[in-house]
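As given, the protein sequences belong to chains A and B, one line each in that order.
Just so we're aligned: the first sequence equals residues -19 to 407 in the numbering used here.
Just so we're aligned: the second sequence equals residues -19 to 407 in the numbering used here.
Keep in mind the hints are simulated off the structure, nothing from the lab.
Every residue gets a Cβ at the ideal spot worked out from N, C-alpha and C, and that includes glycine.
Accuracy of the hints is not assured; some may be wrong.
[To be verified] Residues from chain B shown here face chain A by an in silico Cβ test under 10 Å; the list is partial:
no., residue
1, C49
2, P104
3, Y129
In case you want the letters, here they are:
2 protein chains.
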Amino acid sequence: MKSYKEYTSLELERELADLEKEYKDYQSLNLKLNMTRGKPSTEQLNLSMEMMDVLNSDVDLTCRDGIDCRNYGVLGGIEECKELLADMIEVPKENIIIYGNSSLYVMYECISRSMTHGVLGSTPWMKLDKVKWLCPVPGYDRHFAITEYFGIEMINIDMDNNGPDMDMVEKLVESDESIKGIWCVPKYSNPDGTTYSNEVVKRFARLKPKAKDFRIYWDNAYSVHHLYDDKQDYLIELLEECRRSGNPDLVYKFTSTSKISFPGSGIAALAASEANIKEIKKQMGISTIGYDKVNQLRHVRFFKNLDGIKMQMKRHADILRPKFEKVETILKENLEGLEIAKWTSPLGGYFISLDTSLPIASKVVDRCKSCGVELTPAGSAFPYHKDPNNSNIRLAPSYPSLDEIAIASKLVSLSIKIESIKYILNK
Amino acid sequence: MKSYKEYTSLELERELADLEKEYKDYQSLNLKLNMTRGKPSTEQLNLSMEMMDVLNSDVDLTCRDGIDCRNYGVLGGIEECKELLADMIEVPKENIIIYGNSSLYVMYECISRSMTHGVLGSTPWMKLDKVKWLCPVPGYDRHFAITEYFGIEMINIDMDNNGPDMDMVEKLVESDESIKGIWCVPKYSNPDGTTYSNEVVKRFARLKPKAKDFRIYWDNAYSVHHLYDDKQDYLIELLEECRRSGNPDLVYKFTSTSKISFPGSGIAALAASEANIKEIKKQMGISTIGYDKVNQLRHVRFFKNLDGIKMQMKRHADILRPKFEKVETILKENLEGLEIAKWTSPLGGYFISLDTSLPIASKVVDRCKSCGVELTPAGSAFPYHKDPNNSNIRLAPSYPSLDEIAIASKLVSLSIKIESIKYILNK
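Same shape as in the complex, but just chain A (with noise of 0.2 Å):
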């Protein structure tokens, strides 16, 4: 297709009549679709229906070490949980914690305690007059619903395809006391679909930031979440990394199940170093009496090890897979050449991100609104909700069915190439 820009402002015109003609006819579809959250689907949800039979009245709910799941106890998790999570995270088991059903919870109460106790002994972030943290853009919109409720100045990293911006991290990071802590979903991440380069990765290890209690929060949300066997992102692990370097407190890692057995009865854990567990620990003996054991039980009993994770993710990705392609499909089919928007082709996660060229995303997510689609809002990716271009719209295919994707993705190509040549023209 040739390029807007070379368009006559004539043939804009017409072409913006055409595709009016055509957007009125979405209007008479009433569609009504959600493509909002990176939400798994239905058949998604039915790979695990087996976990619901692993445990039964005829069952002994007694875990490895002798310990009944079913009464009070235990911090931290049962052991062969903390394995199975360990070896999908790649840390070592005395390095882990499990904890309810959402690893969102983990990171914000990491921040609440923080706010209350500081970090090893350094002053509580309340009795400080700032707290800055930096967010790599776009990222994930309820990361920075967080530190927003906790009134954190949060400041914009750029992202490329390697991932943040680390000379502007390291500048930051290293001179201002006050920032005390980076979002980061390194892996397909949240939306771009970004893996961070080993280069970044060991960058990241080797900060000296100027405060102490400053804290990497890695969200590897989506370690396993590969849409192909034969094409995979890898990336390099940072606990480890940061012993290596003689950081080993820099960073707490977060993950959780919730995206591989069900979403909202999953298994979330925490990895960090010795120093940090010991003391996430000790206000843990003070907030619970302990989490759900049995759920951790019949996650083990489930998928046994990392290879049964392993192969559950295979299926996730063989019903995964198909949606994200028919994404590009369209948008290429509708998009291509005319210069206007550009897309990610991720190879794991949840989300394809796009970008219009024109400051035009909060009215083509309107535009789609107004015909019964639901996407993310506009500036959901950007801390404060504001895309300083404009320019971002998330798509999540993981929900609607293939039929659903395809009208969808339709809608918001006709919905670029209607604001574009708006924007274009001026109207």
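Please build the complex by placing chain B on the supplied structure of chain A, with the hints as guidance.
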């Protein structure tokens, strides 16, 4: 039996010699018994095993209003679970929020949130010079651990058969703005087994706190945990009573199914006024995408309704009642008339609370421990682990077998006798 007060020194010396011989026999038994915590027994856990069968791979995990419980979402709990727990703690279901497996965590979170964000617009407590808390004593050690963790100054409030000393509570709460809360276990209290009288509850509802952000932390952990069918304590429902008194926002109520289904894998809940619920849900929306709805559904499908819970509690009572009665029988046989100890005869809950007449509780606990019988450490039922009279011993008869309880109760009695005589003789 004759009171030790009426013994001559010689008689006491002789008695002591006999008792110490008896004590030696216990030492040779190599006991290994744990009565430290209110932990349900294996027999009690077995009562809920069929809960493991109500959900399986053939069962539709959709809840009443069509939501797939396996997926993300639904802050505050599924409707049928809200209904079940709202019925249990006698509040409208609009006033309840369902959490994860630990009500202790819910209390922790309420204090943590108040520290960082205040209460309904008040100054965050971290920004205040001093925060104080009222602690009816003896009370629950884990409550006190939370307030201690946050550096909140705890003030002891005496308890009698009607509940906390309300003259003292009113005087303090109504004059001191730094007092922000009070811990209450209003029914079958831990450890005394006391249920607050109608007058006490009404005076709570009519408190006029100096601090607008003062909250009553009403931990109704034992609301349906009766030991008898025909003898039950009655507690006025505080949320409604507060509303009637024009103080709707005064109370946070907490509950859980920990001692109804599985202690490690139950469901916790909070009930409060609309304004409080709205504030808490705002935080919930930041911190998590929702709690474990599959486990909520499992509980509803198993118990069905409040009658199901009541039936289950009768089965628990049938197991617990003989254990409580065994403790009381043996204490009576061994200590009655000696005037060296008194103890409670609760109609519900998980504990018997014993007070020695002399300041010897810590020595009694140590002496039992030397024989392999672990009791809750002396002082545990008081803030900072400081029992001003060194007299309170908490007995937790739920977990051990009847035989074990008999042995432990005899050993406790024996140890109290020995330590009382030694104290009197100044040995």
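Hints the structure violates: just list their numbers, smallest first. Structure breaks no hint.
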